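Enquirer: Sequence:
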Amino acid sequence: MTGKAIVLFERNSLAEGLLTRLRDLNGGLDISWPVSADPGLLAAEHGQSARLVLLDGDRSDIDPMAVIAVLAQRLPGVPVVVFGAPGESSRESVALAAGATAFIPKDYTSAAIVAALRLVLANAEDAASRQPRVADAGAGSVPALRDLGLTDAESAVLALAAQGKTNHEIALALGKREGTVRIQMSAILRKLEVRNRSEAIIVAMRVIKVVRSQIEQAEHRELDIGWLLPHMEFRRHPAGHELFRKGDRGDELYLIQRGRVRLPEIEVDLGEHDMFGEIGIFSPDHLRTCSAVCVGEVDLFALSEDKVKQAYFLNPGFALFILQAVTRRLMADRQRS
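Here the numbering used here is used: the first residue of the sequence shown is 1, the next is one more, and so on.
Everything labelled a hint here was simulated from the structure, so no lab data went into it.
Just so we're clear, the structure is a prediction, and the values are computed from it rather than from any experiment.
C-beta atoms are modelled at their ideal positions from N, C-alpha and C, and glycine is treated no differently.
Be a bit skeptical, because a hint or two may be false.
DSS-like mimics (lysine-lysine), calculated; alpha carbons at most 27 Å apart, straight line [claimed, not checked]:
#, residue 1, residue 2
1, Lys246, Lys106
2, Lys106, Lys4
3, Lys246, Lys176
4, Lys246, Lys191
5, Lys307, Lys106
6, Lys191, Lys176
Cβ pair distances, simulated, as ranges [what the hints assert, rightly or not]:
#, residue 1, residue 2, range
7, Asp285, Pro238, 27 to 35 Å
8, Lys246, Glu10, 46 to 54 Å
9, Pro284, Gln310, 15 to 23 Å
10, Ala239, His273, 51 to 59 Å
11, Pro284, Leu41, 55 to 63 Å
12, Leu41, Gly17, 20 to 28 Å
13, Glu178, Lys106, 46 to 54 Å
14, Arg195, Val35, 31 to 39 Å
15, Asp306, Val194, 47 to 55 Å
16, Asp152, Gly296, 21 to 29 Å
17, Ser32, His273, 45 to 53 Å
18, Ser304, Pro238, 16 to 24 Å
Please model the complete structure; the sequences and the hints are all you need to start from.
Expert: Pasting the structure below:
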């Protein structure tokens with residue numbers, strides 16, 4: 001891990017504590033604490049070396065959301081993580097819509113913050129290693145956004161915006177100028193009669209053509225779950241800890257951040273970034289089909305049943321990812337029996 005972590009915090013005890021947590025990430029990530037939070041200057045000075053931006057969403061001397069939007073455009077691929085007061089779901093939504101990668105509540109423990117940042121960096125590295133895939137313009141019989149007044153070109157722009165791409169990234173993917181994409185986004189907002197980019201994406205999510213790229217990602221097991229981080233609870237368990245037993249009620253989904261988890265009844269070991277526990281949530285009786293035991297110390301994130309189901313109905317890519325995970329698990333069980 002090389003490059004810089006840019007810390008956009010005012011000097012206070014929270015920021016000093018954050019520096020200590022950043023050092024726990026290891027791997028040569030240098031820390032830069034610039035005096036100015038001007039996003040244009042930051043991009044010009046650190047554009048080649050930045051690997052992570054940490055922003056205090058409660059800073060009073062800047063407009064944090066404007067800074068996020070500019071950094072998302074000028075530092076494509078560099079995750080911007082916003083720290084804010086716990087329970088501010090509306091502010092969290094605004095930050096993510098502006099282009100932030102994740103929102104971390106300020107009351108998270110040190111271990112939870114380090115684990116979340118490691119996951120954000122891992123997702124960024126995975127995304128950087130993949131070539132961008134542009135949505136197929138020739139959708140054939142697939143419904144287009146033309147019924148809502150958008151041209152095919154505007155539909156392609158909105159499709160990529162729905163993946164969380166900035167105007168700069170959209171321009172690169174489609175071979176356009178960034179100014180052209182900006183003009184097309186303005187036309188999209190006007191035609192859809194929405195106030196901002198996030199509302200346009202909500203409209204787009206209901207159209208099959210726009211979510212095809214998300215379906216592609218799910219089919220290739222490349223779903224980016226960074227947007228779920230603010231809703232997940234970090235936990236650290238010692239070796240031998242039993243997460244659940246066969247027959248227990250399935251009320252949580254788990255994502256392994258570090259370590260291994262053993263499913264003894266089916267003799268399967270799960271590792272870093274593996275997700276499990278989905279069958280117990282979606283099965284009719286909501287019961288665990290096997291046990292789960294920590295092999296060595298394990299760091300993981302847990303998502304409650306209610307949050308899982310909300311994500312399932314709001315994000316079609318996540319829904320397909322879950323369905324395929326359940327199918328793979330059941331087919332593997334059948335082959336073993």
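Enquirer: For each hint given before, does the structure comply? Return the numbers of the non-compliant ones in rising order.
Expert: 1, 3, 4, 10, 13, 15, 16, 17
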